[in-house]
Amino acid sequence: MAKLCSEAVCMQASALCVQRGAKLLLKEISAAIPARKVTLILGHNGAGKTLLMQTLHGLVTPTSGQVIGPDIAVQKMVFQTPVMLRCTASKHFDFLCPGASQEEKLSWFKRASLVGRMQVPARSLSGGEQQKLAIIGALASQPEVLFLDEPAANLDFEATAFVEEMIRWSAKDGTTIVMVSHNRAQAERLADHILFMDKGRLMEQTSAKQFFCAPNSDAGKTYLNFA
Amino acid sequence: MDFFTPLILAVQMLIGFDADLYEIIGLSLQVSLVAVGAALVLGLPLGALLASFQFIGRGPLIVITNTLLGLPPVVVGLLVYLLISRAGPLGFLDLLYSPAAMMLAQFILVLPLSIALSRQVFEGLHQDYNLLFKSLNLSWKTRVTTLLVDGRAALVTIALVCFGRAISEVGAVILVGGNIKHVTRVMTSAIALETARGELAFALALGLVLLFIALVVNIISQQIRQYFTPEDRYG
Chain V
158 MAKLCSEAVC MQASALCVQR GAKLLLKEIS AAIPARKVTL ILGHNGAGKT LLMQTLHGLV
218 TPTSGQVIGP DIAVQKMVFQ TPVMLRCTAS KHFDFLCPGA SQEEKLSWFK RASLVGRMQV
278 PARSLSGGEQ QKLAIIGALA SQPEVLFLDE PAANLDFEAT AFVEEMIRWS AKDGTTIVMV
338 SHNRAQAERL ADHILFMDKG RLMEQTSAKQ FFCAPNSDAG KTYLNFA
Chain X
-18 MDFFTPLILA VQMLIGFDAD LYEIIGLSLQ VSLVAVGAAL VLGLPLGALL ASFQFIGRGP
42 LIVITNTLLG LPPVVVGLLV YLLISRAGPL GFLDLLYSPA AMMLAQFILV LPLSIALSRQ
102 VFEGLHQDYN LLFKSLNLSW KTRVTTLLVD GRAALVTIAL VCFGRAISEV GAVILVGGNI
162 KHVTRVMTSA IALETARGEL AFALALGLVL LFIALVVNII SQQIRQYFTP EDRYG
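So the sequence lines, in the order shown, correspond to chains V and X. Under the numbering used here, the first residue of the first sequence carries the number 158, and numbering increases by one thereafter. Under the numbering used here, the first residue of the second sequence carries the number -18, and numbering increases by one thereafter.
Treat the hints with care, since some could be wrong.
As the list claims (entries may be wrong) - Coverage of chain X stretches by chain V, computed from C-beta distances (three or more under 8 Å per stretch; other residues unrestricted):
| id | segment |
| --- | --- |
| 1 | 101 to 113 |
| 2 | 116 to 125 |
Unchecked claim - SDA-like mimics (lysine to any residue), calculated; alpha carbons at most 20 Å apart, straight line:
| id | chain 1 | residue 1 | chain 2 | residue 2 |
| --- | --- | --- | --- | --- |
| 3 | X | Lys122 | X | Gly145 |
| 4 | V | Lys248 | X | Asn118 |
| 5 | X | Lys115 | V | Pro227 |
| 6 | X | Lys115 | V | Val217 |
| 7 | V | Lys248 | X | Gln203 |
Everything labelled a hint here was simulated from the structure, so no lab data went into it. From a predicted model like this one, the values you see are computed outputs, not experimental measurements. All C-beta atoms, glycine included, are put in the ideal place defined by N, C-alpha and C.
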């Protein structure tokens, strides 16, 4: 992935296409991800939100087009269903962030209210605890870009509040956040910038305020009526 | 002679710690454990590599490995014999009719087994971990190590299957070991010989030991699996 020179833009996608068999899943997507802001990718199910995020992160190789941005080594991704290794929560954290000291690790676990769960098998943590562990593991390595794929899906109020607090904190700390969410209220609370997708196309890229007040596209208007 | 007379004799020999019997048991375990250990050390990482990386020739390699699962032991014995006999390319090592030759034959026999079975285990695991591995930009060494550690419970079963194949093998070890008393006589070759000589008690004793070993190995592997898995989670 090539480097981007601009201060204001962290990542730039140019004419991205992803094709699987005969089906074009992402269609000519050109988008700019503003640096140190929270960008939300919105759209209906099957719009290509997660695929776009994975392509931006480098997990999916585009059929054509390119992504310019920081190296994958300084990017982190938290998946909708966190992948947990067969080890303790503490060791899983070490796997996600091998450079963290014991003190740093302890402080992150305290922050996530998981200190008492450090020696518990990661796979036996609740869904919310697993998501918290995945997020602190990603943030502890101080990434330049953090991708979050519906991080609060199926979480309770407390866990959702923690996830949102972490997103706000890391954005304030200078991390660029790219996130997929279906929760309109959450999107309005968190987003600075919106990428709205419909059927594999990027319909709008605008400020969150603009999108939620007056979306430009018909698809955007319809989406907000349902969301 | 009825069935029970040799059975009683067999038990007597086992309880009486018959020197010849225990020498054969010891050598059998030594040969098979070394062969299986070497096959696992080489085969498991290869299985993990095959499961987690796409490269040119991967497909044919998998087909070849799977085909070698059905490798007849006598064919392996013959190949190893040709390799290590005086006229063979490795003849200078003077391995023919030695325990090392039997280890080599058993190693060749169980290596495809350890590769093919571990590949299947790791493929499932890799499907779960692939995106995380890519996202963390992990090196191939870290990926393979993580798969090996996380697949440890299933690997115990693979080790068990390999050990079962190795210790119960007779054709290859007779060809390259020669079934020489006090040198290369192992349980299976001794059973074949003693049965041919009409020494059914001795043969039956060895057969009982083989069954007993299979039982012990199963119990141990089950214990190991249970230790690893109050849902396979601890590490």
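Query raised in the report: Hey, Lys115 (chain X) versus Val217 (chain V), does the alpha-carbon distance stay inside 20 Å?
Result: With Cα atoms ~10 Å apart, Lys115 (chain X) and Val217 (chain V) stay inside 20 Å; holds.
Requested in this report: Verify the proposed pairing of Lys248 (chain V) with Gln203 (chain X), using a straight-line Cα cut of 20 Å.
Outcome: Roughly 25 Å between the alpha carbons, so the hint for Lys248 (chain V) and Gln203 (chain X) is violated.
Query - Coverage of the segment 101 to 113 of chain X by chain V (three or more Cβ within 8 Å) - result: With 4 residues in contact (Cβ-Cβ under 8 Å with chain V), the coverage given for the segment 101 to 113 of chain X holds.
Report task. Examine the segment 116 to 125 of chain X for residues whose CB is less than 8 Å from any CB of chain V, and state whether their number is three or more. Result -> With 3 residues in contact (Cβ-Cβ under 8 Å with chain V), the coverage given for the segment 116 to 125 of chain X holds.
Report task. Mind checking the alpha carbons of Lys122 (chain X) and Gly145 (chain X) for me, to see if they're no more than 20 Å apart? Result -> Status violated; Cα separation ~30 Å.
Query raised in the report: Does the alpha-carbon distance linking Lys115 (chain X) and Pro227 (chain V) stay inside the 20 Å limit?
Result: Given that 20 Å is the threshold and the Cα spacing comes to 15 Å, the pair holds.
Query raised in the report: Taking only the CA atoms, is the gap from Lys248 (chain V) to Asn118 (chain X) under or equal to 20 Å?
Result: At roughly 18 Å apart (the allowed maximum being 20 Å), Asn118 (chain X) and Lys248 (chain V) satisfy the hint.
Checked against the numbered hints above, the structure breaks hints 3, 7 and satisfies the rest.
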